[in-house]
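**Student:** Residues per chain, in single letters:
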Amino acid sequence: MNGLKMIRFAILFILLIAVASFAEKSKMMSVQVKSSEVRGKPSFLAKIVARLSYGDRVEMLESRGAWIRVGLVTDDKEGWMHSAALTKKTIILRPGAEDVNFAASSDEIALAGKGFNKQVEGKFRARNPDIDFTWIDRMERVQVTHGQMQLFLEEGELFLQGGV
Amino acid sequence: MMASKKQRNRFPLIGIAAMLMVSWALSGCRSVEKISEVGAAVGVATGLLTGGQAESLRKSTVAVAKSFQDFTPEQEYYLGRSVGAMVLHQNNPYPEDALNRYINLIGQSLAMVSDLPETFGGYHFMVLDSEAINAFASPGGLIFVTKGLLRCTRNEDALAAVLAHEIGHVQTKHGLQTIKKSRITSALTTIGIEGAKSFGPADVALLAGTFGDSISDITKTLINSGYSREFEQQADSAAVKILERIGYDPNGLVEMLKEMEKRLKPGGLDFARTHPSPQSRIKDIEKITGPYRPVKRVVARQERFNRISESF
Numbered sequence: 603m604n605g606l607k608m609i610r611f612a613i614l615f616i617l618l619i620a621v622a623s624f625a626e627k628s629k630m631m632s633v634q635v636k637s638s639e640v641r642g643k644p645s646f647l648a649k650i651v652a653r654l655s656y657g658d659r660v661e662m663l664e665s666r667g668a669w670i671r672v673g674l675v676t677d678d679k680e681g682w683m684h685s686a687a688l689t690k691k692t693i694i695l696r697p698g699a700e701d702v703n704f705a706a707s708s709d710e711i712a713l714a715g716k717g718f719n720k721q722v723e724g725k726f727r728a729r730n731p732d733i734d735f736t737w738i739d740r741m742e743r744v745q746v747t748h749g750q751m752q753l754f755l756e757e758g759e760l761f762l763q764g765g766v
Numbered sequence: 003m004m005a006s007k008k009q010r011n012r013f014p015l016i017g018i019a020a021m022l023m024v025s026w027a028l029s030g031c032r033s034v035e036k037i038s039e040v041g042a043a044v045g046v047a048t049g050l051l052t053g054g055q056a057e058s059l060r061k062s063t064v065a066v067a068k069s070f071q072d073f074t075p076e077q078e079y080y081l082g083r084s085v086g087a088m089v090l091h092q093n094n095p096y097p098e099d100a101l102n103r104y105i106n107l108i109g110q111s112l113a114m115v116s117d118l119p120e121t122f123g124g125y126h127f128m129v130l131d132s133e134a135i136n137a138f139a140s141p142g143g144l145i146f147v148t149k150g151l152l153r154c155t156r157n158e159d160a161l162a163a164v165l166a167h168e169i170g171h172v173q174t175k176h177g178l179q180t181i182k183k184s185r186i187t188s189a190l191t192t193i194g195i196e197g198a199k200s201f202g203p204a205d206v207a208l209l210a211g212t213f214g215d216s217i218s219d220i221t222k223t224l225i226n227s228g229y230s231r232e233f234e235q236q237a238d239s240a241a242v243k244i245l246e247r248i249g250y251d252p253n254g255l256v257e258m259l260k261e262m263e264k265r266l267k268p269g270g271l272d273f274a275r276t277h278p279s280p281q282s283r284i285k286d287i288e289k290i291t292g293p294y295r296p297v298k299r300v301v302a303r304q305e306r307f308n309r310i311s312e313s314f
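Protein chains in written order, with the numbering used here: chain U, 603 to 766; chain R, 3 to 314.
Keep in mind that the hints are not guaranteed to be accurate.
Some chain U residues well away from chain R (every beta-carbon gap over 10 Å; in silico) [unchecked claim]:
#1 GLU661
#2 LEU663
#3 GLU664
#4 ARG671
#5 ALA686
#6 GLU723
Sample of chain U residues facing chain R (criterion: CB under 8 Å; computed from the structure) [unchecked claim]:
#7 PHE615
#8 GLY642
#9 LYS643
#10 PHE646
#11 ILE650
#12 ASP678
#13 GLN721
#14 PHE726
#15 MET741
#16 GLN750
#17 GLU757
Honestly, the hints are just simulated from the structure, not real lab data. Where a beta carbon is used, it is the ideal one built from N, C-alpha and C, also for glycine.
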């Protein structure tokens with residue numbers, strides 16, 4: 603009796619270890635923002651190594667504070683990204699039925715363009731024609747280049763943590 | 003008799019385990035969830051879990067996915083755009099290019115040293131053409147400040163403090179937390195409707211309804227009722243950290259609040275209604291920064307502030 607019970611526990615234990623080690627080995631991450639940069643050093647003002655888009659996958663190599671050293675999938679380049687731009691979930695860019703079912707019960711994947719999206723915003727705008735998005739679009743287009751920011755910081759005797 | 007029955011059970015169990023091993027090797031991350039499904043089944047088969055326990059195990063995985071934190075940054079972005087549009091429905095933008103560039107330079111620099119430096123669409127700042135003392139932070143990083151609030155600042159450190167406080171609301175996702183739980187459940191359930199091949203018109207209509215309700219939850223809080231005192235304290239303490247990390251003097255926040263106190267009209271429809279009193283905020287801030295000391299002047303910083311402040 604006790605022996606059998608032990609075997610059962612042992613099997614469940616092995617399962618748990620296997621799941622844990624699987625999670626440990628899975629070091630792929632996805633870009634969860636519209637666009638982001640991979641940088642030569644862990645700083646927002648460091649040289650840009652590559653530009654990535656929503657859903658792009660990277661391999662996590664090392665983490666230092668909030669910064670993660672990543673390897674690109676497309677070539678052998680590597681560099682640093684802030685963890686805010688990344689998720690451990692796999693982002694499915696064009697989800698199908700199976701993905702939708704699966705995502706409903708999983709926190710391992712995220713579906714791009716599902717839920718509150720451009721289509722839903724469109725419907726909201728159609729229902730509220732007096733709400734104007736012109737200035738929101740204009741606001742989003744205002745760009746501050748890193749060169750401008752660097753000058754602004756230096757002139758004002760300000761600094762970014764982690765150095766430039 | 004008992005023992006022999008269990009002996010027979012042992013082999014299928016080992017078989018299941020072996021199959022699972024193979025499936026891990028063959029598939030990607032997505033197998034983990036399926037494993038927990040099968041794991042629950044195994045638990046039931048071995049008698050370690052009852053059917054009910056296994057079911058609640060499965061359900062809890064689903065329940066985890068139904069909190070405000072489970073909105074993807076992309077969804078947060080779309081919520082924020084509409085909340086921003088609502089703010090601009092009630093307030094006119096102040097299209098002074100140099101001023102808007104200036105607050106974007108300060109704001110985006112501050113955002114970089116915040117705990118959430120990257121959002122789906124990034125941080126963007128705009129001045130509102132309003133005498134009222136007010137500021138609004140939309141989820142995802144669209145931030146609005148009125149001319150009236152800018153007039154409470156006497157230096158760049160104080161202006162930066164205003165923006166840092168709003169960034170604090172964004173990084174702690176205070177806006178999303180004002181959405182009623184039932185809507186979050188409804189939205190995330192619609193997304194996960196069994197067998198949904200792609201969203202049909204009915205799903206989009208349902209989601210758009212939930213979306214509209216969520217926007218109104220957030221804007222009601224931002225414009226009418228204000229956040230809880232606890233959220234305001236969190237935003238102030240986030241602001242202090244952000245300011246210190248980049249080299250602004252957090253006493254700028256206190257100076258801004260002192261000036262605001264002089265200018266707030268009791269019973270006004272602005273900060274007076276939506277925020278704790280400046281005095282109580284100063285008290286809380288001084289607990290972190292120590293007693294107030296005047297902001298140390300940096301010449302170039304003050305000169306550019308003086309130039310730009312002519313436009314508000």
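**Student:** For each hint, tell me whether it holds in the structure or not.
**Tutor:** Evaluated hints:
1. GLU661: GLU661 (chain U) clear of chain R: closest Cβ-Cβ about 13 Å, beyond 10 Å.
2. LEU663: 18 Å, holds
3. GLU664: 19 Å, holds
4. ARG671: 16 Å, holds
5. ALA686: 4 Å, violated
6. GLU723: 5 Å, violated
7. PHE615: With a minimum Cβ separation of about 11 Å from chain R (threshold 8 Å), the hint on PHE615 (chain U) is violated.
8. GLY642: 16 Å, violated
9. LYS643: 14 Å, violated
10. PHE646: With Cβ-Cβ at 5 Å, under 8 Å, it holds.
11. ILE650: 14 Å, violated
12. ASP678: 22 Å, violated
13. GLN721: 6 Å, holds
14. PHE726: 5 Å, holds
15. MET741: 5 Å, holds
16. GLN750: With a closest approach of 7 Å, the GLN750 (chain U) hint holds.
17. GLU757: This hint holds: GLU757 (chain U) lies near chain R, its Cβ roughly 5 Å from the closest one there, short of 8 Å.
Consistency with the previously given hints fails for numbers 5, 6, 7, 8, 9, 11 and 12, ordered from lowest to highest.
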